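Could you put the whole structure together from the sequences, leaning on the hints where they help?
As given, the protein sequences belong to chains A and B, one line each in that order.
The opening residue of the first sequence carries number 75 in this note's numbering; numbering runs sequentially from there.
The opening residue of the second sequence carries number 75 in this note's numbering; numbering runs sequentially from there.
Hints are computed from structural coordinates only; laboratory data are not their basis.
Certain hints may be false.
To be verified - Covered stretches of chain B, as calculated for chain A (at least 3 residues, CB under 8 Å):
#, segment
1, 102-111
2, 154-165
3, 398-409
Claimed, not checked - Below 27 Å or equal to it, Euclidean Cα-Cα: the simulated BS3-like pairs (lysine-lysine) are:
#, chain 1, residue 1, chain 2, residue 2
4, B, K146, B, K269
5, A, K207, B, K410
6, B, K269, A, K146
7, A, K269, B, K207
8, A, K146, A, K410
9, A, K269, A, K146
Quick caveat, the model's predicted, so the values are computed rather than measured.
Backbone N, C-alpha and C fix where the C-beta goes; we use that ideal spot for every residue, glycine too.
Given next are the chains, with one letter for each unit.
Number of protein chains: 2
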Amino acid sequence: MPEAAPPFNREIGLTVARPQRSRPDQPSKLAPLQALVAADLDQVNQLILARLDSPVSLIPQLAGHLVASGGKRVRPMLTLAAARLCGYAGRRQLGLAAAVEFIHTATLLHDDVVDESSLRRGSATANAIWGNKSSVLVGDFLFARAFQLMVEDQSLEVLRILSDAAAVIAEGEVAQLLTANDTETTESAYMAVIKAKTATLFAAAAELGAVVADRPAAEAAALRCYGEALGIAFQLIDDVLDYSAREVVLGKSVGDDFRDGKITLPVVLAFARGNDEERRFWQRTLERSEQSEADLPRAIELLERRDALAESFQRACAYGDTARAALAGFADNPAKAALLDLVDFCVERAY
Amino acid sequence: MPEAAPPFNREIGLTVARPQRSRPDQPSKLAPLQALVAADLDQVNQLILARLDSPVSLIPQLAGHLVASGGKRVRPMLTLAAARLCGYAGRRQLGLAAAVEFIHTATLLHDDVVDESSLRRGSATANAIWGNKSSVLVGDFLFARAFQLMVEDQSLEVLRILSDAAAVIAEGEVAQLLTANDTETTESAYMAVIKAKTATLFAAAAELGAVVADRPAAEAAALRCYGEALGIAFQLIDDVLDYSAREVVLGKSVGDDFRDGKITLPVVLAFARGNDEERRFWQRTLERSEQSEADLPRAIELLERRDALAESFQRACAYGDTARAALAGFADNPAKAALLDLVDFCVERAY
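Shown next, in the form of structure tokens:
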């Protein structure tokens, strides 16, 4: 087992948060995975660019903007590494990793329309540049391209896994829309949303590795479990970072979720534990969307007072443990080590 | 061959246009098709309702609103009738007809967001009631559900046909966005758009009938050709009706395309044939979107002056002839007769 996650930094805030692991003298925990799949990922990137092509030139322009804008490609790397973990030596993982990234990119395009975002990964969003209409339609195109890639793979099992995932993701996105601005959202409702909208694609991406390698159902289930727990941890940390990371590090604005009235776990916990005055604060700022300049620092202060960021971080660590445990049945090898390090990477982004 | 389409009514306009065929004393040309597939369509409708279900209750609410709002189900009926034409006696056509309708409904939801429409088939659009965000996400859900239905059918050929169709439809929608407000749009650019965004799904829906019946490639190609030509005729008539039908008949506002700055064939023809003053009119109203109350009647007047509606109607008739000819190789039977009548129905909506 890798070292336990270090204790959460209680001094988290707008100014102090920084990803210590990415200091130049300390290699990123993402590095082993990146090294393991580098050659495969090159081919996936080429395939992605090739399949973005269309006689309608706005499509490769707009989609290329997002695809090229510096995403870490965590999801396709999961498929590549899981295939490696299962001893697969063929090439099917390449097309499927591209399909996974296309589904993810389609979701991002539609997300940014829904959230009316103007910044993602530090760059202007596609909807900010080309408008919402283009983002909706190019998202549809990418989704269709993903299915074309799966059809070429010729496995109904793969098609089942990813079409099921796509339906659950969409359900999660709608459910998230319904919890927006609702401070009465329960922790279980929040968890159901992030399991659907984020963890489902992580789970499917990892499971595909066992499917292409034609491994027994138990191995597919273990990889699915790994991916799901990792995805939940990843999203929990994302939600914590929205109240703590420096903009320059995360490439997104701190306080986006707050301004959008999104109800994430830190808010759920702080609201449940808050006094009447605190609840009125959350109701005013998140339900009625009445916010002033001073409200974001105040929100962070209340989250700290109620241990909400620290506890959300601890939940992420627990899901990280679940993800690590899911790999216990696999023999030790570089792919397994890289997938274990990926858990650390996802969780340690938070301090 | 059915009777030739009657001559186009030159007096077309806001007050005179009416679908003579739907007079109570004259059965609709859609009736034979409806009778032929009534039992199957009942099952498709039940399947659609069952598959709209989701623990996220907004999904069946929103999608159900659109699915139940009185669409004619032309596309799923195409699949059902084509399967019958090919002598198929199984049940695969049911799930695939539902998948086709889901893809169509997803497209409508996203279309209404893109067009900022508030009325469809005489009812408020989903985006007008539940907002654009919900429409985008529920559209994604329906698209995923369509693929789940195809996966259950277990045919990679079906999955190929409909994933290819979905990609082409999205390309067509993006291309349409790019021609919007552009009076320099050529006739061939316009034709490419409607072939992609409308005719592709008609073609796929019809082709599926031959695929489930396991008929030779030539029959699949003939049905595909029939569906494509029918879809083009259908869209051409739709574009004519936008400048001529009575609102009460069509369930959509006359002049929607004009107000949206959409460049349809009537406008392409009128612009090409217009004098300088007329071109300035089209540029002001469609390119710069500077419109007043008097502009829609004026637009209709200019379309009439340049024979643009009549000629668009004639093109639709020619595609109708192509559709009929594509069925020449099939033996005469009630399914063939119904599909031939469907061509009349689509074209005769215009007078």
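| query | Can the restraint linking B/K146 and B/K269 be considered satisfied, given a maximum Cα separation of 27 Å? | reply | Answer holds: B/K146 to B/K269 is near 20 Å, not above 27 Å.
| field | Given coverage of the segment 102-111 of chain B by chain A, tested with a Cβ cutoff of 8 Å and a minimum of 3 residues | value | n = 0 at 8 Å, threshold three: violated.
| said: Check the hint pairing B/K269 with A/K146 against an upper bound of 27 Å on the C-alpha distance. | reply: 38 Å, violated
| Regarding the pair A/K207 and B/K410, is the alpha-carbon distance no greater than 27 Å? | 40 Å, violated
| request: Confirm or reject the coverage of the segment 154-165 of chain B by chain A under the rule of 3 or more residues with a beta carbon closer than 8 Å to the chain's beta carbons. | output: violated (count 0)
| Within a Cα-Cα threshold of 27 Å, do A/K269 and A/K146 meet the stated pairing? | Holds, at roughly 20 Å.
| said: Holds or violated: A/K146 and A/K410, Cα atoms, limit 27 Å. | reply: Status holds; Cα separation ~19 Å.
| field | Coverage criterion applied to the segment 398-409 of chain B (partner chain A; beta-carbon cut 8 Å; 3 residues) | value | Check failed, 0 qualifying residues.
| message | Run the distance test for A/K269 versus B/K207: straight-line Cα separation, threshold 27 Å. | response | Distance of about 20 Å is within 27 Å: holds.
Taken one by one, the earlier hints fail for this structure at numbers 1, 2, 3, 5 and 6, listed in ascending order.
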